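Enquirer: What follows is the residue order along each chain.
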Amino acid sequence: MSVTFKVNGQSTTVDVSSDTPLLWVLRDVLDLKGTKFGCGIGQCSACTVQLDGEPQRACQIPISSMEGMEVTTIEGLSSDGSHPVQQAWMEVDVPQCGYCQAGQIMTAAALLARIPHPSDTDIDREMNSHLCRCATYLRIREAIHRAATIVVTE
Amino acid sequence: MATTISGLDRREFLRVTTLAGGGVLFGAYSASPVSAGVLEGSEPAADFALNVFIRITPDDLVTIISKNPEIGQGIKTSLPMIVAEELDVAWRNVRVEQAPLDTERFTAQSAGGSYATPRNYDAMRRTGAAARHMLVAAAAAMWGVPASALTTVSGVVLHGASGRRATYGELADRAAAMTPPDLANVPLKDPKDFKIVGTRVSGVDNLGIVTGKPMFGIDVTLPGMKYAVFGKCPVFGGKVLSANLDELVAEPGVQHAFIVPGGDNLAGLLGGVAIVADSWWQANKARRKLRVEWAEGAHANDSSVGFAARAARLSKSEPEVASTQDGDPDAALAGAAKIVEAEYSYPFIAHASLEPQNCTAHFHDGQLDIWAPTQSPERGRDMIASTLGIDADAITVRITRSGGAFGRRGNTDYMVEAAAIAKEVGAPVKLVWSREDDMQHDFYRPAGFHYLKGGLDGDGKVVAWKNHFVTFGTGGRPDHGAASMRATEFPARFVSNYELGTSFIPYNIPTGYLRAPRSNGLAFVMQSFIDELAHSAGIDPLELRYDILSAYKAAEGSEGRGRILDPARMRDVLQLVANRSAWGKVELPRGTGRGIAFHFSHRGYFAEVVEASVSNSGVVSVNKVWVAGDVGSQIVNLSGAENQVQGAVLDGIAQTLGQEVTIDRGRVVQSNFHDFPLLRLKQAPPEIEVHFLKTGAAPTGLGEPALPPVVPALCNAIFAATGKRIRTLPLSNHDLRWT
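Just so you know, the sequences run in chain order A and B.
Read in my numbering, the first sequence has 189 at position 135, and its numbers run on one by one without any break.
Read in my numbering, the second sequence has 809 at position 428, and its numbers run on one by one without any break.
Hints in this document: simulated from the structure, not taken from any laboratory.
The model shown is predicted, which means the values in this text are computed figures rather than measured ones.
Take the hints with a grain of salt, since some may be wrong.
[Said to hold, decoys possible] To be clear about the criterion: a stretch of chain B counts as covered by chain A if any three or more of its residues have a C-beta under 8 Å from a C-beta of chain A, and this derived list gives those stretches: (1) 453-464; (2) 597-609; (3) 660-670; (4) 725-735; (5) 775-785; (6) 946-954; (7) 1050-1058.
Don't be surprised by glycine CBs; every beta carbon is placed ideally from N, CA and C.
Construct the complete structure from the given sequences, taking the supplied hints into account.
Expert: Set out below in structure tokens:
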């Protein structure tokens, strides 16, 4: 089926079978490889994108439900790493292998948009759906707090 | 092209080459013994291995080639830091490039065993220093001044007396004409003058990671590429008798469906059905319709329950192999004031790297191109060559970043699968495993069973220790080191009457190395049992550990020195972690306890304290962890080092809390993260204090040795909190409720 939606601000039309998850459309049709495949069952959140600003698991979203929607991927957050969350992630040196971090960053950015100065409890609640196999969790907490200060000074 | 070679009569030498487009290339080679006849000025022969590789261009950029695979251990950042330090350049001007597999030029292009730092630290320093030496010599020649009158700072050579300065980029061409120094004797910096090594440096790939650049194996895309899935028999090594291939090729987008016969080597190419489609989703969707008649083989009734029963039976007989015997343990036990007996076991566990196994392959014109996230590119190439009959020289392996590995990607089954499929198809093919494939076709941390007997004298000294270790293996020996226990493993040489015997369960489960192999199970057993002995003797668990460490006696004759822990180094980290955590000085509420443990592995000394709480309903939470580690005289990248240690600690906590792979009917029960739980953010304590004790020893690796102690430290904390002794893992199998 043909579906038209916005990806990182640009209108896009794809023609794939209706049950194709958004994840695989992003990765293999639109060549946006930043959104990662980890489990395919909505358990790890490596595939997190923002749909109309809300973090969602791209592996659980059939393309048929995307008509007219607006999706932001890690590539759309900023391509030069200038978004405060990306900056904070680099300053704190969060990544080990790095595979889960795009998904983590998409949820963190959505959290900060809603709660500019989240508490540790807010962070634990919002970020708990994300798996980091390298367990960079202490730095994820730290980087979100750091990003909150970058947002303020801008 | 000017080429200068020095030190031909030595094991290592520097080769310097001017680049056609301007700039200079420094290469440090290790020469194998047969290379002694190579003449100056000739091209390096295949038996010279290039190990360090620096390119300096007129724009003052310094490019350092990273030969080792980056799997999240941070090696792509830390090894170049060492080169840059001695070269004396600004880190912001350094670029790092990943090298492809090149066995003619590099040695030891692999990741594992926490080897990279100890293997490369000295060579990296010497090469950086030698390159700096030549740049200084070039400036000295240009200005007609002695080299001793020159200094360097951040990639600039300075002549203080005249105020003249020249950047490395400006000097690069001239440097190639200088005589290289002797690598063995080139002066090195005093570590107290280090500006890069020992600081906190953010990972060189972080910008790419946070902006979603395609860096991982799964991100590889080639023109005309097809996507493959590969369905193997759930019973390991089972063969395909028949499959509904005609139905599969009728599915949307499917281009090919075929049977790969496969062999019997569980680490190699196994039988299965390949489905190749225009997109991965189409291939994976078609797979739901796959119907296979399997020949499951002789192991379709194996189970974890059966293995445990077999271990229990074996424990009642004498060990098959007498591994170690010091003193007379039976006599010592007979004379002991107290005897403590316990059975410990730990399960199979999976690696579960977040990037599923994948590999991209293109077979064309007799050549095979491979892109793979791998710890063992050479092993992968050689396995492909021998399995598919392709000359190794016709195989190119490009090493991508790995989305985690933890030992899993030392096995190269997925590489040979992709190659076999691509050879059949002709077009470029990317094979991507599903999470279920990954969970059910891993090389699991081998389970293990330990039957222990310890004896204490009237003063609470440990006078006897017997361990009957039941592990897995065929023909009375383990298949690999991860299923073994060394004769010299702790507490050998620390208990005067000590016996280790080993028995083996035959099996058909692929097992292998998982982060801190061997140690990740053994530390749990040894350090938990010491805790039991301490409580039985009424001695503080820390004090008993000091006692045991002070009881070291070297065995007569040679026994592979270096494998046995140095009691002094261990005592120092134990003391440090006890001090930092105020061990024994903190009043804790009911349901909260602290545990302590130490372990020596991968040349690293680690002691850790865990504080944990157990709720009335039996839920375990870790409040804080204190870590003290000694990995020698120098931490290379403090940021990466702390990240590794904290990650290893949390990895160990995850294993302890709930990770278990169970076998039933010859196959793995677990399939995804819902039944093989990784740690989540809420389970991570707010703080893990990491303290490095710098000692005179040479710097060693950090990927692994911080993991093992946390497992027993957590279990010992649970005992302190609840009085319940944990002798089997994971904790999720225990009822920890209390009132």
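Enquirer: Hint by hint, note whether the structure agrees.
Expert: Hint by hint, here is what the structure shows:
Figure legend: the segment 453-464 of chain B, annotated as covered by chain A; annotation consistent (3 residues with Cβ-Cβ distances under 8 Å, at least 3 required). Using a Cβ-Cβ cut-off of 8 Å, 5 residues of the segment 597-609 of chain B lie near chain A, which meets the minimum of three, so the contact claim holds. Counting residues of the segment 660-670 of chain B whose C-beta sits closer than 8 Å to any C-beta of chain A gives 5, which meets the bar of three, so the coverage hint holds. Counting residues of the segment 725-735 of chain B whose beta carbon lies closer than 8 Å to any beta carbon of chain A gives 3, which meets the minimum of three for the stated coverage.
Note: the segment 775-785 of chain B has 4 residues with beta-carbon separation from chain A under 8 Å; the three-residue rule is met and the coverage holds. Counting residues of the segment 946-954 of chain B whose beta carbon lies closer than 8 Å to any beta carbon of chain A gives 0, which falls short of the minimum of three for the stated coverage. Chain A is given as covering the segment 1050-1058 of chain B, and this holds because 3 residues of the stretch bring a CB closer than 8 Å to a CB of that chain, at least three being needed.
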